[in-house]
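Read off the chains here:
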Amino acid sequence: MRHDHLLSAKQLSRGDIETVLDRAAALADDPGAAADAHADRLLGLCFFEPSTRTKMSFDAAMKRLGGDTIEMGGVDSSSVTKGESLADTVRVIEGYADALVLRHPSEGSAQLASEFVDVPVINAGDGAGQHPTQTLLDLYTIRENAGFEDLSVGIMGDLKYGRTVHSLAHALTNFDASQHFVSPESLRLPRSVRYDLHETGAQIREHTDVEDVIEALDVLYVTRIQRERFPDENEYRKVAGEYRIDADLLERADDDLTVMHPLPRVDEIAPDVDETDHATYFEQAHNGVPVRMALLDLML
Amino acid sequence: MTDTELRVSKIEDGTVIDHITGGQALNVLAILGIDGGSGEEVSVGMNVPSDRLGRKDIVKVEDRELSQNEVDVLSLIAPAATINIVRGFDVVEKHRVSRPEEVTGVLSCPNANCITTESEPVDSHFEVLEEGVRCTYCDTLVRESIAAHISVA
Numbered sequence: 001m002r003h004d005h006l007l008s009a010k011q012l013s014r015g016d017i018e019t020v021l022d023r024a025a026a027l028a029d030d031p032g033a034a035a036d037a038h039a040d041r042l043l044g045l046c047f048f049e050p051s052t053r054t055k056m057s058f059d060a061a062m063k064r065l066g067g068d069t070i071e072m073g074g075v076d077s078s079s080v081t082k083g084e085s086l087a088d089t090v091r092v093i094e095g096y097a098d099a100l101v102l103r104h105p106s107e108g109s110a111q112l113a114s115e116f117v118d119v120p121v122i123n124a125g126d127g128a129g130q131h132p133t134q135t136l137l138d139l140y141t142i143r144e145n146a147g148f149e150d151l152s153v154g155i156m157g158d159l160k161y162g163r164t165v166h167s168l169a170h171a172l173t174n175f176d177a178s179q180h181f182v183s184p185e186s187l188r189l190p191r192s193v194r195y196d197l198h199e200t201g202a203q204i205r206e207h208t209d210v211e212d213v214i215e216a217l218d219v220l221y222v223t224r225i226q227r228e229r230f231p232d233e234n235e236y237r238k239v240a241g242e243y244r245i246d247a248d249l250l251e252r253a254d255d256d257l258t259v260m261h262p263l264p265r266v267d268e269i270a271p272d273v274d275e276t277d278h279a280t281y282f283e284q285a286h287n288g289v290p291v292r293m294a295l296l297d298l299m300l
Numbered sequence: 001m002t003d004t005e006l007r008v009s010k011i012e013d014g015t016v017i018d019h020i021t022g023g024q025a026l027n028v029l030a031i032l033g034i035d036g037g038s039g040e041e042v043s044v045g046m047n048v049p050s051d052r053l054g055r056k057d058i059v060k061v062e063d064r065e066l067s068q069n070e071v072d073v074l075s076l077i078a079p080a081a082t083i084n085i086v087r088g089f090d091v092v093e094k095h096r097v098s099r100p101e102e103v104t105g106v107l108s109c110p111n112a113n114c115i116t117t118e119s120e121p122v123d124s125h126f127e128v129l130e131e132g133v134r135c136t137y138c139d140t141l142v143r144e145s146i147a148a149h150i151s152v153a
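Those protein sequence lines, which keep their order, are chains X and U.
Just so we're aligned, residue 1 is where the first sequence starts under the numbering used here, counting upward by one.
Just so we're aligned, residue 1 is where the second sequence starts under the numbering used here, counting upward by one.
Bound-form chain X, shown alone:
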């Protein structure tokens, strides 16, 4: 994999993806193999938005490679509150670190940052845009549980604003996968993503009811419908209630269905699903460490 930056899943070929996943698998089998691979290297964690899994797993990954991390702290305590531009902030931090991991509330922020620094920039989520490292761990989880051959993937929830959805949809076009998008009309996939999928000739279908497609799926990727996307509380409750997975619904699914979620969940996956063999979301979250170790190992 030869990229200066990782900004979008659109830039990843199947070869790139498999290189990362193979390296991640090797590191998962033998975590000590790269224990000193990046000693004395520093990773800058620039999180302009809250994060638990992404930030902690990058932190863990870098430290397991023998390196260390520095972080700017919360936005409230940084120079951003003084009105500093993102361009200036990253130009300062590149002097402190060997690579930058950036999460920012605005779409295109990682692209902008990459234009102002010489160290690698890794997009850890830019607004409702992209989240390519989440996609790599999602694909790792899919490969481990369902494989990539003749795959049928359902992606459900907030498809309009869900950056993990946008990245995953792009990346799946590299594989023999049909994609079923399940959402309320108001949260369907953005036109730009549908345009890209159309351009690649991907097999996609859109649905408003998961029951229409549940029996055909190998993977169901559930995302959270966010309260703030709805002007009216009642409308939110109505929609959120219709896009909820529980053990009863999964009775109709294939026994091997893999249920994933980028987390955090609120109530879109009922707790009774946790006890089924379908539940894969905690394993998915754990995969963030070997996958990000692999990515850093290949990029640094």
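Treat each hint with caution, since some may be false.
Stated by the list, open to error - Straight line, CA to CA, 25 Å or less: simulated DMTMM-like cross-link-like pairs of lysine to aspartate or glutamate:
no.: 1; chain 1: X; residue 1: Lys238; chain 2: X; residue 2: Glu199
no.: 2; chain 1: X; residue 1: Lys82; chain 2: U; residue 2: Glu118
no.: 3; chain 1: X; residue 1: Lys82; chain 2: U; residue 2: Glu120
Stated by the list, open to error - Sample of chain X residues with no beta-carbon within 10 Å of chain U, all distances over it, derived:
no.: 4; residue: Ser13
no.: 5; residue: Ala26
no.: 6; residue: Val75
no.: 7; residue: Glu107
no.: 8; residue: Glu115
no.: 9; residue: Asp126
no.: 10; residue: Asp246
no.: 11; residue: Pro271
Claimed, not checked - What follows is a set of in silico ranges between Cβ atoms, one per label pair, in the way DEER data are often shown:
no.: 12; chain 1: U; residue 1: Glu130; chain 2: X; residue 2: Glu49; range: 33 to 39 Å
no.: 13; chain 1: U; residue 1: His95; chain 2: X; residue 2: Arg191; range: 29 to 35 Å
no.: 14; chain 1: U; residue 1: Gly22; chain 2: X; residue 2: Arg191; range: 25 to 31 Å
no.: 15; chain 1: X; residue 1: Gln11; chain 2: U; residue 2: Asn47; range: 51 to 57 Å
What the hints contain is simulated information worked out from the structure, not anything from laboratory work.
We treat Cβ as the ideally placed atom computed from N, Cα and C, and that holds for glycine.
Following the hints, put chain U in place on chain X, whose structure we already have.
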């Protein structure tokens, strides 16, 4: 007034942009950064009869020859525009606008959450597609009403 009279009307030196989509002349001037502030002599005709377009706009700019790069961006809002370079009252060059591969700093991204709409030291940048344009920062597609997103003063 006939089409011919409008196209070659009497400027001595400069550029005549003809066959502009009706109603887009002021946007053409905005894109070209021509606001009269630097003293150019500019004539504008709007919604004049045209055999080819029904109604068209026409812009004449004295003492300034616009380059192909400058005018190609006009293809986004006036795809039928023709450019006439005039020297000594004669049309010495005549060509059509062609679609550029990308445009920088001309349009503003309609996505209010795009990083280019914030106080960052970058110009907007759009890839030009067969139908419409696409922000290279946030991927937003603009396929209708492109003129509404012209951001130059």
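Hint by hint, here is what the structure shows:
1. X:Lys238 with X:Glu199: 34 Å, violated
2. X:Lys82 with U:Glu118: Holds, at about 15 Å.
3. X:Lys82 with U:Glu120: Between X:Lys82 and U:Glu120 the Cα gap is close to 14 Å, so the pair holds against 25 Å.
4. Ser13: 19 Å, holds
5. Ala26: At about 33 Å from chain U, X:Ala26 clears the 10 Å cut-off, so the statement holds.
6. Val75: For X:Val75, whose nearest Cβ neighbour in chain U is about 14 Å away, the distance exceeds 10 Å, so it holds.
7. Glu107: 4 Å, violated
8. Glu115: 7 Å, violated
9. Asp126: Violated, since 8 Å does not exceed 10 Å.
10. Asp246: Its Cβ never comes within 10 Å of chain U, the nearest being 33 Å, so this holds.
11. Pro271: The claim stands: X:Pro271 keeps its Cβ more than 10 Å from every Cβ of chain U (closest is about 33 Å).
12. U:Glu130 with X:Glu49: 33 to 39 Å: 36 Å, holds
13. U:His95 with X:Arg191: 29 to 35 Å: 34 Å, holds
14. U:Gly22 with X:Arg191: 25 to 31 Å: 28 Å, holds
15. X:Gln11 with U:Asn47: 51 to 57 Å: With a Cβ separation near 46 Å, X:Gln11 and U:Asn47 fall outside 51 to 57 Å, so the hint is violated.
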